[in-house]
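As given, the protein sequences belong to chains A and B, one line each in that order.
2 is the number of the first residue of the first sequence in my numbering; add one for each residue after it.
37 is the number of the first residue of the second sequence in my numbering; add one for each residue after it.
I should point out that these hints are in silico values taken from the structure, not numbers from a laboratory.
Check before you lean on any hint, since a few could be wrong.
[To be verified] Capping the alpha-carbon separation at 27 Å, the derived lysine-lysine pairs in DSS-like fashion look like this:
id	chain 1	residue 1	chain 2	residue 2
1	B	LYS256	B	LYS80
2	B	LYS315	B	LYS72
3	A	LYS45	A	LYS292
4	B	LYS138	A	LYS304
5	B	LYS256	B	LYS339
6	A	LYS45	B	LYS72
In this text the structure is predicted, and so the values were computed from the model without any measurement.
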Amino acid sequence: MKKKLLAVAVVGALASPAAFAQTLYGIVDVGYQNSKYADGDVNKHFIQSGQHSGSRLGVRGSEDLAAGTYVMYQIEFNIVADTGGPGATDTTRLTFVGLGSKAWGELTLGQQYTHSFHTFAVGSAAGYGTFSSFYTGGATGSVIATRASNSVKYSSPVMSGFSVGALWSPGVATEPTAVGASGNGNYMDFAVRYTPGPFGVAISHAIATAEAAGVDNDTDSTQITANWDNRAFGIYGGFQQRENDGAVGGATAVDSEAWWLSAVARFGGRHELYFLYGQGENNLVTGQESKRMAITYQHVMSKRTRIYTSIGRVTNEGGATGVLNGQAGAAPAANYDPRGFQLGLLHSF
Amino acid sequence: MKSKLLAVAVAGALASPAAFAQTIYGIVDVGYQHAKHADGDVNKRFIQSGQHSGSRFGVRGSEDLAAGTYAMYQVEFNILADTGGPGATDTTRLTMVGMGSKAWGELTLGRQYTHSFHTFAVGSASGYGTFSSFYVPDGPGITTRASNSVKYSSPVMGGFSVGALWAPGGTLATESTAVGASDNGDYTDFALRFTPGPLGIALSRARQITQAAGVENHLKLNQVTANWDNRAYGLYGGYITRRNQGASAGATPTDVRSFWVNPVARFGGRHELYALWGKVKNKLLAGGDASVVALTYQHVLSKRTRIYTSLGRVDNDAASAVELNAFASAVAAGYDPRGFQLGLLHSF
């Protein structure tokens, strides 16, 4: 899937021979979306970047060090493929450096994916993209911190199906310097995964801290995900709960639950069909709930190129404003039921 | 001209063998410009990026798929070669993905050139760069690129080619979501070209919509361009009208006509001489006419490297504020700007 730009073996001046590899890679994903997010004379035509996978351009590499260890880095630019993204072409997608070994796992530092993010994939046939993924935001969706800045992350190797990970970040945007806010913006999470195949199960727990004037407020997110997948058929699903101490410490009150089922059928070597049903409840408002349904078909043209198309809808109740994953347009009014259709082309290199 | 970093043929598990190619390419163009843009104690010395061709750095590639089709992509970063451009190194130059075949043409999606842009080249010996190109914003006023666009480009069949582009929100940063503005920012264009060589002729039509509170205003740009070029001498030219429906929907009233001639002489394998004479007529202003004259010499050091130098001037009537192409500064109405430029371009 990715090509090596360069692979040079150098017998250097240092004690051990060092192997060095570097890869340029990326994804360009652009497509059409018909998004019904309001009634009346509003635009419903959108050309969107990254409906399936975020468009990106990156460089990564590694170097072998002594005793089976290696050093690695990755820098990934955000590519806004529909507009060229005035000003948005930064490396907030991924930027890190780390050390690792096959036996002991990897320690990485920088802006990187959280373990809660990785754990979601165990319960999502459609990954993080298309309407058929439940990777949605809002009080009635699955709210997962995708990436953490200023983070130190440990990821174990997979040992007879088991793997664990932990991440700590003292300030997911920038570290706090105000008095009485020493823990503000702290994020940490850990995950335990058992994925021997053809089934897998995983849990993660994340704590995001807000603090103002010495008052702490922890938002706890717990996630359980599982799948069974024999490559022809698969069923995926998960449950997530989020809660904090209410509206203290400069945070807004959070208390929500969500669960989803995501099924996949693959046939003929080139065809993939995904389904999603999921619902989320905001426990702070009686009866506030969003139900999401979607179907996606993906035509696999090659390992690197695919066409995807979806239809989806959301039913909002009790003042909910949930939308489909990656839905374009303005936020819907309370209780409005958004619908969408998407058709896109993805090429990775 | 471009270097292939890698070209690997893979016989994969899928039905057809897939070939894959990837290229890193770019242009760095920096030069000096002496711009007389106002009288008095004002700076006239500028070091400019992209006076001939916009400085850029890009990656592009393609992959062969079944039945003669292919998938392709291109990501091109904007390089401000004079300052490094704090914050401006985005990919607004070009970012797209597409599918195509030799027989059926190409369908591409993303941020890309319009067909009106391509059509201009048929009538411009100097392309889009140097003072000798008539690609001035106040004159032809062509939309260079469209965001959020879907574009079809046919193959060239017996000299003929056609193309069409549709972009909901093509001239905006993002598609409109306001009530009563469902078509605001929409851009569509199409072009028909007959370029068998040594002559070519092309026409294009573009429509750009402004809409507010349910009221639409269409800005239409019609273009006819032509050339005759035997590689030693060439004569290029074109005619453009640009007009909208007045001040409705918050738009600026527009009714501008322009035409130009742009000859070229190439000699000794390394020398190119370009001249431009063009006129802009703004029908909505008394004294809204301007004429542009320029002369450019380019010394071709190699296929990839050239030095260019130009002299140019604009005669503006009392209400006109037209500048030279790639001029370093805007001018006041009625002022007659003059300029000299000397730059070095290297493409890779």
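Status of the hints after comparison with the structure:
{"no.": "1", "hint": "B/LYS256 <-> B/LYS80", "result": "violated, 36 Å"}
{"no.": "2", "hint": "B/LYS315 <-> B/LYS72", "result": "holds, 20 Å"}
{"no.": "3", "hint": "A/LYS45 <-> A/LYS292", "result": "holds, 22 Å"}
{"no.": "4", "hint": "B/LYS138 <-> A/LYS304", "result": "holds, 22 Å"}
{"no.": "5", "hint": "B/LYS256 <-> B/LYS339", "result": "violated, 38 Å"}
{"no.": "6", "hint": "A/LYS45 <-> B/LYS72", "result": "violated, 48 Å"}
Violated hints, in rising order: 1, 5 and 6; the structure is consistent with all others.
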